[in-house]
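If you read the protein sequences in the order shown, they are chains L and Z. The first sequence begins at 247 in the working numbering and counts up by one. The second sequence begins at 28 in the working numbering and counts up by one.
To be clear, the hints were calculated from the coordinates, so they are not data collected in a lab. Be aware that a few hints might be false.
What the hints assert, rightly or not - The calculated DSS-like cross-link candidates involving lysine-lysine, where the alpha carbons are at most 30 Å apart (straight line), are: (1) L:K286 / L:K297; (2) Z:K74 / L:K297; (3) Z:K106 / L:K305; (4) L:K329 / Z:K74; (5) L:K286 / L:K305; (6) Z:K74 / L:K286.
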Amino acid sequence: MTVRSRSSASNIILTNIETIPGSTITQHLGLVQGSSVRAKHLGRDIAAGLKNLVGGELKGYTELLQEARQEATDRMVQEAQRKGANAIVNVRFATSSLTQGAAELFVYGTAVRVG
Amino acid sequence: MEGWIFFAVLLAIGFFFGSRAEQQHFRDLQRREQALGGLVISVVGAKVALPDAAGAELFVGSVVVSSDYFKTFVAGLLKLVGGRIGVYETLLERGRREALLRMEEAALAWGAERVVNVRIQTAELGGNNGQGIVALEVIAYGTGVR
Numbered sequence: 247m248t249v250r251s252r253s254s255a256s257n258i259i260l261t262n263i264e265t266i267p268g269s270t271i272t273q274h275l276g277l278v279q280g281s282s283v284r285a286k287h288l289g290r291d292i293a294a295g296l297k298n299l300v301g302g303e304l305k306g307y308t309e310l311l312q313e314a315r316q317e318a319t320d321r322m323v324q325e326a327q328r329k330g331a332n333a334i335v336n337v338r339f340a341t342s343s344l345t346q347g348a349a350e351l352f353v354y355g356t357a358v359r360v361g
Numbered sequence: 028m029e030g031w032i033f034f035a036v037l038l039a040i041g042f043f044f045g046s047r048a049e050q051q052h053f054r055d056l057q058r059r060e061q062a063l064g065g066l067v068i069s070v071v072g073a074k075v076a077l078p079d080a081a082g083a084e085l086f087v088g089s090v091v092v093s094s095d096y097f098k099t100f101v102a103g104l105l106k107l108v109g110g111r112i113g114v115y116e117t118l119l120e121r122g123r124r125e126a127l128l129r130m131e132e133a134a135l136a137w138g139a140e141r142v143v144n145v146r147i148q149t150a151e152l153g154g155n156n157g158q159g160i161v162a163l164e165v166i167a168y169g170t171g172v173r
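Whenever a hint applies, use it, and build me the whole structure from the sequences.
In structure tokens, the structure reads:
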């Protein structure tokens, strides 16, 4: 149900606090970020339109945004790995809707090395 | 005339199914919140040292909730006079509690004792042309600590 914060291909630790509990930060490697712009597709849109009659959770959109957020997170993790980081601290999420039907999911954080 | 009947039917469907779903959702939320038990959630913690912690991990919970036909119509009327729009207050509450719960359940499944530095964000998806659907995404994220 939730976004998996840890990318399957890596063992980078993500937190949204300023430290990694249990280890000390030895080196700061700067800001890393990842983003993904997604538009909903027609099938989901029609289903959501019907669901909108009775309200409640729109599962199609929840999944769509989770996938997009996962992709943004993966991109951020890849950038951090290129910089030689093994953890990202202070991770933040941001969402902006560009037009009706498309949204940008944006993730950023500070890449660090922990010892 | 047919247009009016169609409108009334939609309104009735929105009202009956929408409020039934809402009540069910609230009962479900309450049950799941009680099941969480001892997990401590805090909004502070970004700068607090956690010397006893062995591991940390980011957890995200998200949900997209939408308004029903009846709510949208009532809100449209209420917007004329302004003031409190109760039908949307319950919608936002549902979204927020659901997102928080999903984050907490994921953290608990991982073995967290507490979740620190929790942040809740809301983003509107529907666009605001008055025609489209009223939908918003709520995400809750925080660092699980064990």
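* With a cut-off of 30 Å on the C-alpha distance, tell me whether K286 (chain L) and K305 (chain L) pass. => OK: K286 (chain L) and K305 (chain L) at ~12 Å, within 30 Å.
* Does the alpha-carbon distance linking K286 (chain L) and K297 (chain L) stay inside the 30 Å limit? -> holds, 15 Å
* Asked: Taking 30 Å as the top limit, are the C-alpha atoms of K74 (chain Z) and K297 (chain L) close enough?
  -> Distance ~43 Å between K74 (chain Z) and K297 (chain L) Cα, so the pair is violated.
* To do: Below or equal to 30 Å on CA atoms is what counts here, so check K74 (chain Z) against K286 (chain L).
  => violated, 38 Å
* Given hint K74 (chain Z) paired with K329 (chain L) - CA-CA distance at most 30 Å -> holds, 25 Å
* To do: Quickly compare the C-alpha distance for K106 (chain Z) and K305 (chain L) to 30 Å and report which way the hint goes.
  => holds, 28 Å
Hints 2, 6 from the earlier list are contradicted by this structure; the remaining hints agree with it.
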